[in-house]
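Participant: Sequence:
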Amino acid sequence: MVDVGHKTVTTREAVAQGYVVFPQDIYSQIKAADGMTKKGSITQTAHIAGIMAAKRTHDLIPLCHPLPLDKVGLSFSYEDEACAIKVTSTVRVTHKTGVEMEALTAVSVACLTIYDMTKALSHDIIIDDMRLVTKTGGKSDYQST
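Mind the numbering: the sequence shown is residues 1 to 145 in this note's numbering, read in order.
Don't take every hint at face value.
[As the list claims (entries may be wrong)] Keeping only pairs whose Cα atoms sit at most 30 Å apart, straight-line, the calculated DSSO-like set for lysine-lysine is:
(1) 119 / 39
(2) 86 / 135
(3) 135 / 96
(4) 86 / 31
The hints are simulated quantities; they were obtained by calculation from the structure and are not laboratory data.
Since the model is a prediction, treat every value here as computed from it, not as a measurement.
Work out the full structure, taking the sequences as your base and the hints as a guide.
Facilitator: As structure tokens, then:
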């Protein structure tokens, strides 16, 4: 692990996003059902999964520091033009190291959960454009272009 003992404690935040893209007929079906499937609510289940994943990032990715997260938030939106559900995570900590990996892990697992919840409808589902959107509070800030 990288030694972060010399770093200053600051409030750090990261936002990540990803998309789960569906065939048009499946997307329409999911949206018309307001995200409900035989397994339950797609977004409620993915929301919980994303939070759990962010909290366990240090167990999943070698050499990540365990962090006392202040906030893990996930939001979901229907993107009609892309036939996709957009997943956005926001993670915040007051600590010596950033939370980019926690935000990306939250989005990744939330997208995988949506896939799992909908794979009975189609296997032509694509998880796409997963990326860090912003990072603030550390040595340098980042804003994707």
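Participant: So which hints don't hold here, by number, going up?
Facilitator: none
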